[in-house]
Amino acid sequence: MRTVLIALGLGLCACDEPLARVEYVDHARVLAARVESDDDAALATPLPGGGFATRWLVAAPEGAVPTSGSLTACVPELTSVGLPRCAEPAFAELQVTPSTEPLAAFTAPGDASAVVVTADFCAGGALEPDGVCEPAGAPLAATLRIDLAADGRNLNPSLQDDALTLSNGAWSSDAGCGSGAPDLRADGRKVAVRWTSRGGDREPSEALTASVFVTAGKVAHSVAVIESSDVRAEPSAAFEWELPRRSGAPETEWLWLVVRDGRGGSDFVRRGVCLTP
Amino acid sequence: MIERSVVRTGIALGLLWPALARAEEPLEDDADYGATAEVQAPPAEPTRREVTPAAVRETAGAQGDPLRAMDVQPGVARSPAGYGVIQIRGASGDDSLIAIEGARVPLLYHFGNLRGVVAPGLVQRLAYYPGNFAAKYGRATGGVVDVTLRDPSAQARGALELSLLDTSALVEAPWGTGGTAVAARRSHFDAVFAAAASSSFSSVVAAPVYWDYQTVTTQRIGDTRVRVLGYGAHDSVELVLSGAAAEDPSLRGTVGGAIGFHRGAVSVDGPLGRSVRQSSSLTVGTLSIDQRIGPDQRQDLRGIEVQARSEVEAALSDELDASAGIDLYAFSYSGTYHGPSVAGLEGDPNLNNPNGAARQVSLGVSDSLVSPALYTALAWQPAASLRVLPGLRVDGFGQQRSVTLDPRLGARWSIARDTVLKGGVGRFTRPPLFWQSLPAMGNPDLRPEWAVHTSVGVEQRFGTLLNLSVEGFYKRLEDRIVGTPSGVAPHFVNDGTGRIAGVDVAASLTPSADTRLDVAYTLSRSERRERNEAWRLFDQDQPHVLAVAGVQRLGRGWTASATFRYTSGSPETPVRGGLFDARTGIYLPVYGEVNSARAPAWHRLDLRVEKQWTFAAWKLSAFVELINAYGQENREGARYSYDYRRSEAVNGLPLFPNLGVRGEL
Chain G
1 MRTVLIALGL GLCACDEPLA RVEYVDHARV LAARVESDDD AALATPLPGG GFATRWLVAA
61 PEGAVPTSGS LTACVPELTS VGLPRCAEPA FAELQVTPST EPLAAFTAPG DASAVVVTAD
121 FCAGGALEPD GVCEPAGAPL AATLRIDLAA DGRNLNPSLQ DDALTLSNGA WSSDAGCGSG
181 APDLRADGRK VAVRWTSRGG DREPSEALTA SVFVTAGKVA HSVAVIESSD VRAEPSAAFE
241 WELPRRSGAP ETEWLWLVVR DGRGGSDFVR RGVCLTP
Chain C
1 MIERSVVRTG IALGLLWPAL ARAEEPLEDD ADYGATAEVQ APPAEPTRRE VTPAAVRETA
61 GAQGDPLRAM DVQPGVARSP AGYGVIQIRG ASGDDSLIAI EGARVPLLYH FGNLRGVVAP
121 GLVQRLAYYP GNFAAKYGRA TGGVVDVTLR DPSAQARGAL ELSLLDTSAL VEAPWGTGGT
181 AVAARRSHFD AVFAAAASSS FSSVVAAPVY WDYQTVTTQR IGDTRVRVLG YGAHDSVELV
241 LSGAAAEDPS LRGTVGGAIG FHRGAVSVDG PLGRSVRQSS SLTVGTLSID QRIGPDQRQD
301 LRGIEVQARS EVEAALSDEL DASAGIDLYA FSYSGTYHGP SVAGLEGDPN LNNPNGAARQ
361 VSLGVSDSLV SPALYTALAW QPAASLRVLP GLRVDGFGQQ RSVTLDPRLG ARWSIARDTV
421 LKGGVGRFTR PPLFWQSLPA MGNPDLRPEW AVHTSVGVEQ RFGTLLNLSV EGFYKRLEDR
481 IVGTPSGVAP HFVNDGTGRI AGVDVAASLT PSADTRLDVA YTLSRSERRE RNEAWRLFDQ
541 DQPHVLAVAG VQRLGRGWTA SATFRYTSGS PETPVRGGLF DARTGIYLPV YGEVNSARAP
601 AWHRLDLRVE KQWTFAAWKL SAFVELINAY GQENREGARY SYDYRRSEAV NGLPLFPNLG
661 VRGEL
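Chains as they are written, first to last, in this note's numbering: chain G, 1 to 277; chain C, 1 to 665.
If you're looking for bench data, these hints aren't it; they were derived computationally from the structure.
Don't take every hint at face value.
Dumping the calculated SDA-like pairs for lysine to any residue here, alpha-carbon to alpha-carbon at most 20 Å [what the hints assert, rightly or not]:
(1) G:K218 with C:V661
(2) G:K218 with C:D643
(3) G:K218 with G:A192
(4) C:K619 with C:V661
(5) G:K190 with C:G243
(6) G:K218 with C:S641
(7) G:K190 with G:G110
With the Cβ distance kept under 10 Å, some of the chain G side facing chain C (calculated, not the full set) [said to hold, decoys possible]:
(8) P18
(9) S113
(10) V117
(11) V132
(12) A136
(13) L140
(14) A141
(15) R153
Glycine is no exception: its CB is placed at the ideal position from the N, C-alpha and C atoms.
This is chain G alone, in the form it adopts within the complex:
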């Protein structure tokens, strides 16, 4: 009943206006990470003793910035609440050289059922020995729990090139102004971004959660869920992107779509638009 009262409270206290909009990328942030087994990049559940890579999505207002970082991996305790805790000392520690899509590879212990990777990233800077990013300050901290599965494997969702449409038109460009990004008027209009889950996205009985992030404007409901009970062959969800009003030169703005299956699988894409006054 208390949790129900939360919602009541939210409804009553005019909490429609968040303190900070989740979807608005106004500073460098980690948005997602994808696990890819060495055996099969589509697999989000590596084998115990097997190799796997973690591919991190770090977004910034300018789209992407070279990001370095420090990552550790350990076998976690089977916790129920709170932050992940290592059951034993980390089995791997590594540094990531600056990249717009940081990638770190590990080999899982053979007797573990799960692994936790903890990351400190520096977007546009370097991680100093004292744990501070130079020149950005505090690092971007993130954690990722990875289930290892000798059986009961889980596939990552796989976003296709045609997964997104913009105002009912194809939208596959991961580029900015002058490089193929669609032109949009920065006049406050609302445009429809639609994500369609293709056949390879979803395994049976899986719910997919899609989150949209933008570098400009607003998205009223930036998270959509395709429930496990949705039997449509190609279910879709629409996001209403309210563009900003601007004058001056055309500028590139970015939109990211992150899809999670709730079981550790994920995928993400970036799209660009060119906002013209």
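Keeping the supplied structure of chain G fixed, place chain C upon it in accordance with the hints.
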């Protein structure tokens, strides 16, 4: 059954003002409803406080409801907004026994604190035992609140009350050798809630509704009284979120819940001989709890509770009374649960974490538990001024396969005509909450918790002008059930202790028949410790709790009253920042030292004016109340940005006017 606390987001459903009840004994007994004349037995414990409808009817914010008076009794901490739990002398809500006619009930208030679940007109008294309670009560380590329903009036009567909150009716009629009374109430603020709460965030499908009912039928067969009771209460709400919450997508879709209970009881009490009396009761009822949050998180629980009591009291001599009894509690239940693992308990700030970031569990349960108890108590009066009250209680806890022995001792010593010294010491035991011992969710090897209460105090009368009571207390909590670090299996262990110390002060000043002033103040400190960690403050530790209520009868049917209440803010655990969980896309709060900060103090003033018109056959009353009259913005919690970089206070009830009329035949 399983709930997650919500300090992070706070709750806008605020507290309505409680009543300030009289400490010790009510000064007036001219209840508008004809309570059966009853001679109070001598106290069987060092301290018993009573609240009657007559004592609270005119009090600002009371809404005439004795149950609401609990919030401002000495020793009772202010409940977080909307929770409606009763925290007695530094104990958690689960530590105390809340009962109607001696039978445990799952809730005493609708929607947290809005209303009591019993029609005020049918309450004979609310007995409140803040500690060192008698052996007849058990399965509690905090205190006891026991509501007694009155017998029907010897005359046909009726009452109807309409206010902004609800409408209630009471009808009673004599028949046979007794009579029957029926009362019912239903809220109607759902009529306005839908408009107030619907927004772009949510739309209300079924606005909050509460209702309750009570029936009392009494017949007398010689000196024996036979009563048949029926009572129940139900709260429900449902709304649909217009989209998934971006901060926690698990919060989406339909969010709703309902809790209800229904009880039927038969009781028989009367003499068995010249100096022997017996009282027996059998209470059977159902309990149902439903909650759902989106398609993935839901719980339902259905259960049947059987509670039986039988007690024999005998006057063995002029100096010695004895009583012995049995007290049985049985619960058969079944249910399902799908949702976040419930691993943290009091003192674990992770209880406030987003649901979607927690480990999810699914389980179905169907089981039963039986907890029989035997008790005996003596009231020995070696001198006219001294009353010694030893007791012994033996509890069996079927689910834990354990038996506990609780010896208790109390005493009251009248050292002068108007002065009583009192004190007590005893052991008190309560079992784990049933779900904490479920193998799939908790630890089947848990043991009951226990506590030692010690108290000493003095009651002083200054004629009819002033009643004063001062009582110090110290409690030690042992085998307290705590969560394991980060909720690792077995999730719960008996690895906690606690210590609580304080002093209660209660005063009732009656300078004239038309003027009354009541003051209740508690100074206390409540601490807990898990494993061998350092002592920390209890989640609801409130060092200062003060309530002052005044009533002035102005003549010609006019009455004005005011109630002021002040409490220390509860401890808070600071949030240092957030850690992004890439698996769920949710930020996890990073906490500082548990309960190392404290919320601002909370205070509020209620004002009430009532006018009563008395006609030949009936009475009509109209009242206006200003709840939180000066519009104090009391912080009830905080909400955070998605990444925990920013926060702001969530405040409780703003100024709220309540209007009502009441007609009584």
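Outcome of the hint check:
no., hint, verdict
1, G:K218 with C:V661, "49 Å, violated"
2, G:K218 with C:D643, "18 Å, holds"
3, G:K218 with G:A192, "12 Å, holds"
4, C:K619 with C:V661, "11 Å, holds"
5, G:K190 with C:G243, "18 Å, holds"
6, G:K218 with C:S641, "16 Å, holds"
7, G:K190 with G:G110, "51 Å, violated"
8, P18, "7 Å, holds"
9, S113, "13 Å, violated"
10, V117, "8 Å, holds"
11, V132, "14 Å, violated"
12, A136, "15 Å, violated"
13, L140, "7 Å, holds"
14, A141, "5 Å, holds"
15, R153, "16 Å, violated"
Going down the numbered hints, you'll see the structure goes against 1, 7, 9, 11, 12 and 15, while the others check out.
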